[in-house]
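Q: Chains A and B, in that order, give the protein sequences.
Counted the way full-length UniProt numbering counts, the first sequence spans residues 1 to 405.
Counted the way full-length UniProt numbering counts, the second sequence spans residues 1 to 285.
Hints are computed from structural coordinates only; laboratory data are not their basis.
Each hint should be verified, as a subset may be incorrect.
What the hints assert, rightly or not - The list that follows gives simulated cross-link-like pairs (lysine-lysine, DSS-like), each with its CA atoms no further than 25 Å apart: (1) B/Lys201 to A/Lys107; (2) A/Lys123 to B/Lys201; (3) A/Lys134 to B/Lys201; (4) A/Lys265 to A/Lys374; (5) A/Lys163 to A/Lys123; (6) A/Lys276 to A/Lys257; (7) A/Lys136 to B/Lys201; (8) A/Lys140 to A/Lys107; (9) A/Lys107 to A/Lys136; (10) B/Lys201 to A/Lys140; (11) A/Lys163 to B/Lys6; (12) A/Lys140 to A/Lys163; (13) A/Lys276 to A/Lys265; (14) A/Lys257 to A/Lys374.
Here's the letter readout for the chains.
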Amino acid sequence: MPPKTQSMPTQTTLDPVLSPAAKASTPPVTGLVAAGVSLRSVTKRYGDFVAIENVSLDIPAGAYCCLLGPSGCGKTTALRMIAGHETVSGGEIVIGDRPVTHLPPAKRNTAMMFQNYALFPHKTIWQNIEFGLKMKNVEKAERSRRVDEILDLVGLAHTAQRKPNQLSGGQQQRIALARALVNRPQVLMLDEPLSALDENLRVRMRSELRKIQQQFGLTFIQVTHHVEEAFSLSDQIVVMDHGHIEQIATPTELFNKPASQFVAKFIGDNNIFAGKVINSIAQPNGQDLIELDVAGIGTLMCRGVATPNGSEAACSVRPDLMHLEPSELAPGSMLGGAENFNRSFARITDVELTGYVTRVSLMLEATGQPLLYKTTTTGWMQANLQEGDRVAIQWAADDCVFLPY
Amino acid sequence: MYQPWKTAKPYFLAAPQTLVFLMFLVFPIAMIFIVSFWQFNIYSMTPAFTLDNYIGVFTSGATLPTYLNTLKYMVLVWSLCLAIAFPVAYFLSFCIQRESLRVLLFLVCTIPFWTSNIIRMISWIPLLGREGLVNQLLLNLGVVSQPVEWLLYSDFAIVLGMVHLYNFFMIAPVFNSMMRIDRTLITAARDMGASGWDILKEIILPLTAPGIAIGSIFVVTLTMGEFVTVRLMGGGQSASVGKLISTQIGSVQYPLAAANAVVLLLATFALVIGILRVVDIRAEL
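All chains, full assembly: derive it from the sequences and hints.
A: In structure tokens, the structure reads:
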């Protein structure tokens, strides 16, 4: 088996098709109209177990939305409810301007692509794609025209007479996509569409999905537990946990300003400090300067919408926004004159070179809390630090996000 | 390094079955084949090469009706088994959600095999006989004025007996096929607007076909060779090839019986090959 390749930072994996020029040059396919999707106080109960609790969500028409969360968070249930494969215990689902809460799947103008693609193994590729049109009693000549058109579009016309098991994983995925799109849905649902593929193919299919979404101008709703996937694909990310929504944000917002400790942890590698609010200076832009008292460390300063003094809260800082320096340097010297900053001492416990990025594990001297610091490998070479060294870590209050819960 | 045990192990594992196969299947059938060309008279048989036995089989006036009668039983039993097994298997695999209940109900299907089939058939006499419970009930309800004769010792009884015996051989492979159907295929079909009937016709039936084929092979081969049920339930009135052969053996016409057996074997082979040509069972193996 070949060694597992390290996933690269997202900016280097951008496919050329995603460039604005390419976007402009691919005309949208006709016959397809995107629709927005709204969940209004939707609840799903299985007996006493509440799978989805009072979820409200607006997905704009034409958006690529990812439902992101750990397994069992309710994201798949939410998707299945939108598609109509799961009944709704309470609340309302609206697609476009039509309430669809109690409509069968085929009447919702949605199409679903399944995790294992669910291609019919006994039918040819052509018959697989034709199936939905046949079920909707589309006339034979029209069926044939549309199947050929979509097969051409995914570039797999030559596989028409093959059976699904004669196709590679990537090809099967494209056929599953074609089978969903041929019915001209307004919304396409994707249930972990990339999880069955290996790492390299996943990155390629990811950009292909995004390309097709833009080409068709459809609303895509995708379930995933893969953070990088959600970041790279979405216009809108909905982070879910235990049947409720933790945060709805663009990838950039989510990356820079996680709303809760759960989100900060789930999107990965953030350093989180839990404490009590002791003071806050209100700012008009919602960037209050908040002082947290963290046991063993002392006061940490962060930015966000303050909660009352004395309330339990936390703050989070991205591993690439911390600064490491030999402990004898003067405080603040590497922060470019930032006014408010946090400073503490730690020991380097491990250095991991992962390619472009070097990951440095630290242990906070005061509390023993493990922290993570990330920098470019080049930057790390120049820092001239190594395992066992005592360092000062500093980070600006502006880079430290206040987490109210 | 040469490891004799590693090389030999697979052969050791396969050896018992191979020996049983050779000694109790290949060898006896070869014998039957050879004996079918021998000469015989009332007192003895002599090794020879004569086609007289086969000529006897094909010219005898009893052969064609007997074969047709056997085929009739086969077709009836096969279609009834399929008609009963398909809904039962469907119920077990699609309607029952709890795995433990499914296992329990599947075991219930095997209950007929917990006693010998002769005991079961004898136990039907007080049920189906002229004075039996069914007739009593029909008479008392006024449905009939005379006891129904064809409940026992009739084609009806033979088919009933065989369906009862062989139904499970159809249920098990059909159920197995259905359990292997990926449930998301059904969700996907529904997502594309398929009705329950469409799903049955387009998804479940084609994907269950290999199981139906395997079940059909069991039922067809078993009914083609039947003679115990025909003898017990037919009450001496009905004929089947199996019974014909056993009668010929009873009257020591071994070469003739052997010739009949070879013809039956070939006929059954032809049916099995026919089934395999219609359905690709590879998916099931």
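Q: Each of the hints needs a verdict: does it hold here or not?
A: How the hints compare with the structure:
1. The hinted pair formed by B/Lys201 and A/Lys107 meets the criterion: a straight-line CA distance of about 21 Å does not exceed 25 Å.
2. Distance hint between A/Lys123 and B/Lys201 is fulfilled; the C-alpha atoms sit about 13 Å from each other, no more than 25 Å.
3. Straight-line distance between C-alpha atoms of A/Lys134 and B/Lys201 comes to about 13 Å, which keeps the hinted pair within the 25 Å bound.
4. About 16 Å separates the Cα atoms of A/Lys265 and A/Lys374, which keeps this hinted pair within 25 Å; it holds.
5. Our distance criterion of 25 Å between C-alpha atoms is met by A/Lys163 and A/Lys123, whose separation comes to about 6 Å.
6. Our distance criterion of 25 Å between C-alpha atoms is met by A/Lys276 and A/Lys257, whose separation comes to about 19 Å.
7. About 16 Å separates the Cα atoms of A/Lys136 and B/Lys201, which keeps this hinted pair within 25 Å; it holds.
8. Restraint check: the Cα-Cα separation between A/Lys140 and A/Lys107 comes to about 21 Å, which is no more than 25 Å; the hinted pair holds.
9. For the proposed pair A/Lys107 and A/Lys136, the alpha carbon gap of about 10 Å is at most 25 Å, so the pair holds.
10. The suggested pairing of B/Lys201 with A/Lys140 holds, with an alpha-carbon distance near 19 Å, which does not exceed 25 Å.
11. For the given pair, A/Lys163 sits about 38 Å from B/Lys6 by alpha-carbon distance, which is inconsistent with the 25 Å threshold.
12. Distance restraint check for A/Lys140 and A/Lys163: the Cα-Cα separation of roughly 21 Å lies within the 25 Å cut-off, and the hinted pair is therefore satisfied.
13. Annotation: proposed proximity of A/Lys276 to A/Lys265 holds, straight-line Cα distance about 19 Å (limit 25 Å).
14. About 18 Å separates the Cα atoms of A/Lys257 and A/Lys374, which keeps this hinted pair within 25 Å; it holds.
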